[in-house]
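A.B. asks: The residues making up each chain are set out below.
There are 2 protein chains.
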Amino acid sequence: MTRMFTLAFAFLAVAAAAAQAGEFPAASPERMEARIKALAKFGANAAGGVDRVAYSPADIAGRAYIKGLMQELGLEVRIDSGGNIIGRRQGREPDLRSIMFGSHIDSVPGGGNYDGDVGVVSALEVIDLLNAAGHVTRHPLEVVVFSNEEGGLVGSLVMIGALKPAALDVVSHSGLTIRDGIDILGGDSERLAAAVVKPGALKAFIELHIEQGAILDEAEIEIGVVEGIVGIRWWDVTIDGFANHAGTTPMNRRRDALVAAARLTLAINQVALEMPGRQVATVGRIRAEPGAPNVIPGRVVMSLEVRDLELAKMEQVFAEIEMRAAKIADQTGTSIRFDLIDVDSHPEPTDPRLRRIIARAAQMYGYSYRLMPSGAGHDAQDLATITPTGMIFVPSRGGISHSPREFTSPRHMANGADVLLGTVLAIDQGALDN
Amino acid sequence: MTRMFTLAFAFLAVAAAAAQAGEFPAASPERMEARIKALAKFGANAAGGVDRVAYSPADIAGRAYIKGLMQELGLEVRIDSGGNIIGRRQGREPDLRSIMFGSHIDSVPGGGNYDGDVGVVSALEVIDLLNAAGHVTRHPLEVVVFSNEEGGLVGSLVMIGALKPAALDVVSHSGLTIRDGIDILGGDSERLAAAVVKPGALKAFIELHIEQGAILDEAEIEIGVVEGIVGIRWWDVTIDGFANHAGTTPMNRRRDALVAAARLTLAINQVALEMPGRQVATVGRIRAEPGAPNVIPGRVVMSLEVRDLELAKMEQVFAEIEMRAAKIADQTGTSIRFDLIDVDSHPEPTDPRLRRIIARAAQMYGYSYRLMPSGAGHDAQDLATITPTGMIFVPSRGGISHSPREFTSPRHMANGADVLLGTVLAIDQGALDN
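Just so you know, the sequences run in chain order W and A.
Residue numbering for the first sequence follows the numbering used here, starting at 1 and increasing by one per position.
Residue numbering for the second sequence follows the numbering used here, starting at 1 and increasing by one per position.
Quick caveat, the hints were computed from the structure, so don't treat them as lab data.
There could be a bad hint or two in this list.
[Stated by the list, open to error] Each pair of labels, with its calculated beta carbon distance range:
(1) W/Lys37 x A/Glu315: 56 to 62 Å
(2) A/Ser403 x W/Asp339: 27 to 33 Å
(3) W/Arg405 x A/Ala166: 42 to 48 Å
(4) A/Ala166 x W/Tyr65: 47 to 53 Å
(5) A/Ala38 x W/Asp339: 44 to 50 Å
(6) W/Arg337 x A/Ser403: 23 to 29 Å
(7) W/Gln270 x A/Val171: 45 to 51 Å
[Said to hold, decoys possible] What the simulated footprint calls covered on chain W by chain A, stretch by stretch (three residues with Cβ under 8 Å from a Cβ of chain A suffice, anywhere in the stretch; the number is not a length):
(8) 166-176
(9) 222-235
(10) 239-251
(11) 280-287
(12) 404-415
Beta carbons are placed, not taken as given, at the ideal position from N, Cα and C, and that holds for glycine.
Work out the full structure, taking the sequences as your base and the hints as a guide.
C.D. replies: Laid out in structure tokens, this is it:
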């Protein structure tokens, strides 16, 4: 059904862009790779990756490099009060709203050279291709580099007016508070409201990013059409049994909190595995108390994380886990308590029209594609609350990310840039207007 | 079968002691309770228990109190070079070997008033009863207070010549090394060989102790006849899977080390629970790496402890666990490795004749009894390597030990002392000589 509709829609709306894209040169794997390598020098570490945490000297130097490129490409560059870099290319029709696209260049500590960077380099590539074709779009275009993505989507939260005031006092990996970090980037932490983009003020937002999973890589698919960014909920799970002497307490008289925790861990895995859908549920942290080899654990504290594209599904998964936990507690003579931790991450679907536009652009270039959720968080989830938002994934080898071992081939990066160009042109030609 | 044999044996050998015991006054619950309370003052803590770790001023003061009692009771008191207190009562026949009985008075940090203490107080009670009856045994009697039981059975290991030289450098809870601790008690760490008792040099050894399990308490049985002290083996278990992003890695592509660890934890529990016998197996400590709620654990390290009265059974339990681990590793795409940790604790059965003698003594006094293993370690396990050894358990409320909440009623202590007296008299009358 969806595919049928996609083709019908494509016929009506993307036809103009499709034809037009033929006039543009293809994205250059060599140029993109050269820019990735140039960017990799800022904060380079011994493992071949980067330590370019937000607000660090490496981040500041990397941003200067990108600003320079933007200026060479003819963009008007400004820093908004949230520290986001925005490079603007004027359109032919002054009354139209901007089409924004981009990503981030800050890294986690011990990060790699592709997470975020590929999205920024592909956005610049789109400008290069437009310049080469001498094409001026109807809408203004804005290439964005969000500030401090890895530290909690800070720049995009400022842009949508949703950064909590308390977040400003958080000390980032750079050693600076987020407040001081924003200011050191050229933002203005006292006037964050000035950076806020009102709902409806943008025409659309598109982010290209490496997949950070192995789905595309293993299936040898070139383009991921992101259906949305999953929501995340965290709980602390506390299992109380009874600590006792591991030598003198017979097996059938134990209320072993770790045995109950083991059953719950398997139940959590099973619920997520067997329920139809692509939800995930993970126990990543566990501690048994008192934690001695010769004492039966009296208490276990462990984490539970649930992610899905739909809030209702997340609630369904948790309800099923809670029900099984009650049975396990009953059968093991323990009590099990779930404490919800506020991680404030709701699922954000991408715009269904943009999914179809991206898919059509991939088809147009002859690239295989696949609809998929984003299991990781991205700035796009913030922008999705104020404007039609789409996301394009390119394969990452082995699904590795947040590691110096991240890798996306120049060919895959260029494919992504082609699809990003096709998408921008389709939007510019009115593909979102029906 | 066993019970039949016990009665037959009792008829032949214990008859004399049985008759004789009638001439003795019964143990005094009041006197025993008063001595427990007096001892509780040395190292008393706010929780109502004691911090009387070996070699501490509280331990030294408590020992002085016991030595004083021994002297009041007419015993010849000496400290052997291992710091053990030995109070000797001469027998009628100078060529006979000593019957030794006793326990320890040092505690764990935050310990209670019964673990060890009840064994020492009941040994003194036996002397009191013999004195009251004006009875001199054929064999010399030796009441022993072993040094530093809680720190690794130090005094009894010295006595059997098995303390490893490296142990002398271990820093005990008192802050002193074991070497300095032995010396501060009046021992002589340079001449430990002088304390060694050769195999066969004692007639027998009997230790009375609180059960430290809830078996007697819950079944309302008065006396535990200990079949032996279980052996203990420890392993570090390492499960290697593959750490990955908890958001982007689908459930069916995970190699989650914690899911494998959960399955193994349940398998361990099941093997120990379902195999016939009284073996126990425990996972008391667990750590997942990297240990973040949003990362699938790539590695889990956990402890495994197995205890049983028979080495062959311990090996059988481990073999079954190992077999199941291989299956789990195979099914979960992980590897599981077991590293044996040297805890050097072999099972030590008590002397079967002494089990029958103790059971007969309990019957003689009209106390209910039950054969049972000791899941905890005791000095008796060391003495068992050089002399026929027996152990008597008395109930501990709720099985609690190593806690200020330890409690054994005066009545149960006195019952134990009666049985200890009956056992000593039976041995003295030749019950071991057939």
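A.B. asks: Look at each hint and say if it fits the structure.
C.D. replies: Verification of the hints:
1. W/Lys37 x A/Glu315: 56 to 62 Å: holds, 59 Å
2. A/Ser403 x W/Asp339: 27 to 33 Å: For A/Ser403 and W/Asp339 the Cβ distance comes to about 28 Å; the hint holds.
3. W/Arg405 x A/Ala166: 42 to 48 Å: holds, 44 Å
4. A/Ala166 x W/Tyr65: 47 to 53 Å: violated, 60 Å
5. A/Ala38 x W/Asp339: 44 to 50 Å: holds, 48 Å
6. W/Arg337 x A/Ser403: 23 to 29 Å: This hint holds: roughly 25 Å between Cβ atoms.
7. W/Gln270 x A/Val171: 45 to 51 Å: Since W/Gln270 and A/Val171 have Cβ atoms about 47 Å apart, the given range 45 to 51 Å holds.
8. 166-176: violated (count 0)
9. 222-235: Answer holds; 3 residues pass the 8 Å Cβ test.
10. 239-251: Coverage by chain A holds here, the residue count being 8 at a Cβ distance below 8 Å.
11. 280-287: holds (count 8)
12. 404-415: violated (count 0)
In this structure, the hints that do not hold are numbers 4, 8, 12, in rising order.
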